[in-house]
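Asker: With the hints as your guide, set chain B onto chain A.
Sequence order for the protein chains is A and B. Residues in the first sequence are numbered from 1 upward in steps of one, following the numbering used here. Residues in the second sequence are numbered from 1001 upward in steps of one, following the numbering used here.
Derived from the structure by calculation, the hints contain no laboratory data. Hints may contain errors.
[Claimed, not checked] Once the Cα atoms are required to be at most 16 angstroms apart in a straight line, the calculated EDC-like pairs of lysine to aspartate or glutamate come out as:
(1) B:Lys1057 to A:Glu210
(2) B:Lys1162 to A:Glu340
(3) B:Lys1318 to B:Glu1265
(4) A:Lys288 to A:Glu211
(5) A:Lys40 to A:Glu239
(6) A:Lys290 to A:Asp205
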Amino acid sequence: MITYSFLQHYWWFIISLLGGLLVFLLFVQGGQSMLFSLSKTDDEKRLLVNALGKKWEYTFTTLVTFGGAFFASFPLFYSTSFGGAYWVWMLLLFCFTMQAVSYEFQSKPGNFLGKKTYQVFLFINGVLGTFLLGVAVATFFTGSEFSVNKGNIAGLGAAGPVISQWQNPLHGLEALFNLRNWMLGLTVLFLSRTLAALFLVNRLDHPALEERSRKYVLYNGLPFVVFFLIFLIWTLVSEGYAVDPATGAISMEKMKYLNNLIEMPVIMAFFVLGVVAVLYGIIATLLKPKYSKGIWFAGIGTVVTVTMLLLVSGYNNTAYYPSSYDLQSSLTIQNSSSSEFTLSVMAVVSLLVPFVLAYIFYAWRALEKKRLSLQDLESDGHAY
Amino acid sequence: MELLSTSLVTWSRAQFAMTAAYHWLFVPLTLGLGIIMAIMETVYVRTGDEKWKHTAKFWQKIFGINFAIGVATGIILEFQFGTNWSNYSWFVGDIFGAPLAIEGIVAFFLEATFISIMFFGWNRVSKKTHLTSTWLTIIGATLSALWILIANAWMQYPIGMKFNPDTVRNEMYDFWAIVTSPVAINKFFHSVLSGWGLGAAFVTAIGGWYLIKKRNVDFALKSIKVGAIFGLVSFVLLAVTGDGSGYQVAQKQPMKLAAMEGLYEGKQGAGLVAIGMLNPAKKSFDDGVDPYIFKIEIPKLLSLMGYRDINAFVPGIKDIVEGGYPTKSGEVPLSFEEKKERGQKAIEALANYQIAKKEGRDADAANFQKTLEENYAYFGYGYLDKPEDLVPNVPLTFYTFHLMVVIGFYFILMFAVVWYFEHKNKIQNTKWLQYVALWSLPLAYLASQFGWIVAEVGRQPWTIQDILPVNAAVSSLETSSVVITFAMFALLFTVLLIAEVTIMVKQIKKGPDYSDNNIEA
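Just chain A, with the same shape it has in the complex:
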């Protein structure tokens, strides 16, 4: 039975999945954040840039699609969060804009800013892009200060016609004053760096870099696990934003997110599996010197874990984008979604997604038949 409620849940799943894929693909950003520390010579740096440079567009495109899909399925989030937490999103966009030219331009003569500047752009995108995204997503659990009053546009509000009003003058930067948001920001930063190290272990034909990447799995895997556990436990034992399914009223519920996991055992099972897969990918790489498949486990594990975490934030009568300023303004998958018709149209479009994944898989394989070496760069007409 395809009901309105089913479609809302379906679309929250798609958004969560896109979020999961995006966080996995942030390994490109993670790699960029290690551009200067992981490489010791210019050649090594060049190899890193080229290994990551074949993948950056996937991350970028996933981010754009994530935005578009969110707009189409939950437009009230788009208008409330983007228009309100203005500075967080603008800084994120700014550092992704910097990234988009940096691979293509850095080694070309006449590039005006010099190679180093473009590499610094990549570094900034690597650090800020991951950290800010983590902070922004953390507010799905910790809340933000905004109000939504649809009557405003009809002149019923005192603050003018805008429906969604941010109530903190810092417009999103106030999220940085919340320690729990920092925990998720740092989690995403170190996760992306760990994934990057695992990716490089798998993809590079360069013993010194591969060896160093293995060490980086440890250096970044440890802080990742620590920050992740702090964020996770803190969130599970904190109050969460519960929705009364009958009236739509929002109230605080003790250990809401833990309850969600318990009440949705399938999601809990996948969540645990995802976490285990990530940990397995990391630990196996650390313990077995020849092992290079860690990225597969950690990558897929990341997609699953993040997807489940986002499902927990929106399923089981939970407000996924809560307002700590005005509880009843909190966004739920019911009150912020598109109409049933639009969700149905988009559900049909979403049937194309497996097809898209299939050709991405094909293209990825076609270009990755063997590991990347410095010699490849010499013979490649489009090396950076």
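Answerer: Quick look at chain B alone, frame taken from chain A:
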């Protein structure tokens, strides 16, 4: 009702205009050069002539440089609807979001995936797979243009939706009406063709430069051969779709048409201004000052273009403000004041509906809903204050429109001449034509930008025609925040543009790599 400050609206518009204008510096070249390089590679695969391969590879390198900055300037545009046009995003997100999402799912991934094979696959996949990837890259780029233009067309001509007073937004009920809207189809062809025309002008200009420098002659002639035919066809079709745009604008956005022509007082059998100069002393639509210092008209053409009837009445700005002018359907258009009153009635009914619903007075709510529906067609007018709010910037719209048209016809002539000389093998020795080809390139960029200025400035004050003006669509932000982000992006884009141009110039000076060592064994 208290509306947001003018400076916030102005800066939000400025930011959108600046980012869109930058983005559109790069997109047309992607669209046009993409097809051209794919044609060249197709010739290579069919003939096996390595020279065509090098020609295609050179243009792919230029394509890649341009593509990167196109991507960089594009991401802000999508998110900007949310960040700076928050009310807009909710009010019409149910319709507008869908094409953006489809653009990502259907087009961007196609583009991003196959461009990597195009760039990195020369030695890794077969010739045919490579060619297919090149075509899929450009098909992806064109599809992305399709979906974003469908979205833009819907803003200019909203259809397939109904207002829902409970959710306080417009909701889609007919997806196909939106996708196949005549405005969307025309806009798609006109915009994509403009990209093709620009791509052709680009390739021809660079070819001309090589000929002037007497180097890479074979490459230059090959490029000019493809560029000239492709350019000629594109610009002829641009004239056809341009005429289609004019017709659509006359039907759906008469005010825009009046601004494009500087037409204040409408008339029957109106002529199209061929060349003209506006009178700067004209300050208001009803001050009686002659709007032109001089003009040369092509008689009856505006009526013919707008209404397919040489004697049709074309309303001017004053007519549209005052209403009551003759129309084909016999319906008498309302004046601005009447529309404003109906708009206010609709907004008030929406407010009363919400209060009644809250208080459980369902019968009252039903009455208010009826009033709302009766007046909804003019909803946006309720946010406007005075008749002048309805009038877009006439000089900007007028001059950009006419310059675009003149440049368009100039290119038909230029490409015809270039094609003739190329065909007769004379272009190599015709210095003046090589210079003409080179120095015409900026004109193509200008015309391309002008087109969007006409489309977007000409539709002011509307984000959604008649439904939502800019002052009710913006986000609630401090003006200073928008000024800062405007400056941040303006600076970054300018720096990146300089880098792009200098990189391209270097690559062009270096020229195609005929001694290239990547030829498959």
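Asker: Would you mind marking each hint as holding or not holding in the structure?
Answerer: We went through each hint and held it up to the structure:
no. : hint                   : verdict
1   : B:Lys1057 to A:Glu210  : violated, 33 angstroms
2   : B:Lys1162 to A:Glu340  : holds, 13 angstroms
3   : B:Lys1318 to B:Glu1265 : holds, 6 angstroms
4   : A:Lys288 to A:Glu211   : holds, 12 angstroms
5   : A:Lys40 to A:Glu239    : violated, 47 angstroms
6   : A:Lys290 to A:Asp205   : holds, 13 angstroms
The structure shown violates the earlier hints numbered 1, 5.
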